[in-house]
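Trainee: Sequence:
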Amino acid sequence: MFAVNNAYIEDDATWYKMTYDELQSVNEFECSDTLKDAIKTFLKEKMDKGYLFTEDMLCTEAGYDGFEHFIAYKKSDESAKIKKWYEFSHEEFYNLNDLFGDTNNDFVDNNFIDNKNNKEIKVINI
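Residue numbers (numbering that gives the first Met the number 0): 0 to 125.
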């Protein structure tokens with residue numbers, strides 16, 4: 000079975016406005032340029048719309064063999080959300096639920112990058 004980690008926002012999280020200079024830190028991530036671009040594009044779009052961000056999150060440790068990145072964001076008057084990205088190079092997988100576990104939260108958005116086939120797999124929780 001293949002499992003990935005989940006992230007949870009701490010109850011007393013501190014929220015802040017991200018600066019465009021902070022986007023450059025994404026270039027240091029150990030993932031493909033495709034995924035770096037996807038993360039930077041997402042952040043820039045949210046920054047332009049006035050979203051707040053936090054790094055105050057807890058993560059599970061499932062022993063996932065690949066790159067993962069979590070971003071917690073919210074509008075000041077809305078509930079917080081978590082965006083997740085996973086990158087892997089496995090030849091195939093059988094069940095996306097096995098891949099990212101039970102994420103029955105409708106506020107979680109998952110993106111998987113399959114390096115072998117060079118494509119992004121978008122998973123929407125139902």
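It is worth saying that the hints were derived from the structure and are not from the lab.
Mixed in with the good hints, there may be bad ones.
To be verified - Each pair of labels, with its calculated beta carbon distance range:
(1) Met56 to Gln23: 32 to 42 Å
(2) Asp10 to Asp32: 11 to 21 Å
(3) Glu29 to Asp76: 12 to 22 Å
(4) Leu22 to Asp55: 18 to 28 Å
(5) Glu44 to Asp76: 14 to 24 Å
In this text, a Cβ means the ideal position worked out from N, Cα and C, and glycines have one as well.
Trainee: Give a verdict on every hint.
Mentor: Verification of the hints:
1. Met56 to Gln23: 32 to 42 Å: violated (21 Å)
2. Asp10 to Asp32: 11 to 21 Å: For Asp10 and Asp32 the Cβ distance comes to about 36 Å; the hint is violated.
3. Glu29 to Asp76: 12 to 22 Å: violated (36 Å)
4. Leu22 to Asp55: 18 to 28 Å: holds (20 Å)
5. Glu44 to Asp76: 14 to 24 Å: holds (19 Å)
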